Amino acid sequence: MPCTVTMTVNGKTVSREVEERTLLVTFLRDHLSLTGTHVGCDTSQCGACVVHVDGRSVKSCTTLAVQANGASVTTIEGLAAADGTLHPMQAAFREHHGLQCGFCTPGMVMSAVDLVRNNPTPTEHDIRDGLEGNICRCTGYHNIVKAVQAGAEAMNSPSAKAAAE
Amino acid sequence: MYAFTYQRPSTLADAVAAAQDEDAKLLGGGQTLLPTLKQRLAQPSALVDLSGVAEMKGIKAVDGGLEIGAFTRHAEVAHSDLVKATIPALASLAEGIGDRQVRNMGTMGGSIANADPSADYPSAVVALKATVTTDRRTIAGDDFFTGMFETALEPGEIVKSVRFSTPDKAAYAKFRNPASRYAIVGVFVAKHGAEVRVAVTGAAGSVFRVPAFEAALAANFTAEALNGLSVSADDLNADLHASADYRAHLVTVMAKRAVEAAG
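In the order they appear, the protein sequences are chains A and B. Just so we're aligned: the first sequence equals residues 1 to 165 in my numbering. Just so we're aligned: the second sequence equals residues 166 to 428 in my numbering.
Treat the hints with care, as some may be off.
[Unchecked claim] Straight-line alpha carbon distances no greater than 20 Å define the calculated EDC-like cross-link-like pairs of lysine to aspartate or glutamate that follow:
| hint | chain 1 | residue 1 | chain 2 | residue 2 |
| --- | --- | --- | --- | --- |
| 1 | B | Lys203 | A | Asp30 |
| 2 | B | Lys225 | B | Glu241 |
| 3 | B | Lys249 | A | Glu19 |
| 4 | B | Lys203 | A | Glu20 |
| 5 | B | Lys222 | A | Asp54 |
| 6 | B | Lys190 | A | Asp30 |
| 7 | B | Lys190 | A | Glu20 |
| 8 | B | Lys356 | B | Glu425 |
[Unchecked claim] Here's a subset of chain A near chain B, in silico, CB distances under 10 Å, partners left out:
| hint | residue |
| --- | --- |
| 9 | Asp30 |
| 10 | His31 |
| 11 | Lys59 |
The set of hints was computed from the structure by calculation and includes no laboratory data. The model shown is predicted, which means the values in this text are computed figures rather than measured ones. C-beta atoms are modelled at their ideal positions from N, C-alpha and C, and glycine is treated no differently.
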């Protein structure tokens, strides 16, 4: 039986009719055409589908769209500024070669942003621990950790904090 | 997933009414249920989402311990200043469940009602002398887990909150599966005055206590007190991750680590 879900996605209010069993990732990709959020394993392991729901990182392949009804959702498409300026974490991933094929990157970046918001000065251990829910098959993680360290510093800079407010 | 209907009641009474349909399933954070549904291993007619029930949320100090609402997410327990100050071992256990995204969704009530043999919380419920309050009664933590994926809950009965006793000392030590982060063996040790509880998860079909360890630690709360003690491998789980003998070995190792961590 279709139902209507309404949520704020990347700052815009959207409303669509979906089936109750529609996953949040399906809603984002197929109903809203926001294909930056990836489906990797589809079994809650890999983290390619991580988005923010009311500021918390979640796996959108293991969340129903109806569970996010009324929530504010941010996807990788919502991180950069309106003029295209990359979010400091996105810029850090590019600068530090925190990706190779790029498939896991949207989820990595969304997890990293959530991590730094809750722990502004993470240690290497904190970063590796905080990214446990994200799997990368290319990089060996080393440059991802460097990117998150640099991204955290950039997010903590006065100009980035001013832009986030 | 097979199709189902979806309800999000705002009171426990409405949730109980909705759960009376025998083919209905309760939805906590969904981190076990949704993967199960995606594999078509279950076909509920209805999902009753408990996220709107305010009386099932929150963490508060009560006489002798903490009361935690069933719809409290693992991340909330892990980051709660009250839990960290009162029962730090419980916050630490919650921080070790799954990964960050699972902890942001998964709930305590969902975990204990599901009673996965490798879940972390059952060990805390038993070791911390918890009582489980449902929509209709109070169940002692010792009586709550009855088998693999089985609890004392009646059909349609909903866990409302869990009340944990503050121990003098406690720690949880887990040997985890590195992929799933579930416990291959997890041991929660808690000292309550003269009484010591040792609760083991992951090793058997359901959480169990180890009376020999408890007696040894009650007499002498040190890791050395467990030298030479072990549990029988009979009836322990054996799978591709660990044999029953290896799990039996790990029970002693993790119990010692927990005692050392408890200090």
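Comparing the hints with the structure gives:
1. With a C-alpha separation of about 17 Å, the suggested pair Lys203/B and Asp30/A falls inside the 20 Å cut-off, and the hint holds.
2. Taking the CA atoms of Lys225/B and Glu241/B, the gap is about 12 Å. The hint holds against a cut of 20 Å.
3. For the given pair, Lys249/B sits about 41 Å from Glu19/A by alpha-carbon distance, which is inconsistent with the 20 Å threshold.
4. Distance check on the hinted pair: Lys203/B and Glu20/A sit about 13 Å apart at the alpha-carbon level, within 20 Å; holds.
5. For the proposed pair Lys222/B and Asp54/A, the alpha carbon gap of about 17 Å is at most 20 Å, so the pair holds.
6. Restraint check: the Cα-Cα separation between Lys190/B and Asp30/A comes to about 27 Å, which exceeds 20 Å; the hinted pair is violated.
7. For the hint linking Lys190/B to Glu20/A, the alpha-carbon distance of about 14 Å falls within 20 Å, and the restraint holds.
8. Proximity of Lys356/B to Glu425/B is assessed by CA-CA distance (about 13 Å); at most 20 Å being required, the pair is judged to hold.
9. Evaluation of the Asp30/A hint against chain B yields a violated restraint, the C-beta minimum of about 15 Å exceeding 10 Å.
10. Here the hint on His31/A is broken, as its CB sits about 16 Å from the closest CB of chain B, past 10 Å.
11. At about 5 Å, the closest approach between the beta carbon of Lys59/A and any beta carbon in chain B falls short of 10 Å, and the interface hint on this residue holds.
Comparing the model with each earlier hint shows violations of hints 3, 6, 9, 10; every other hint is respected.
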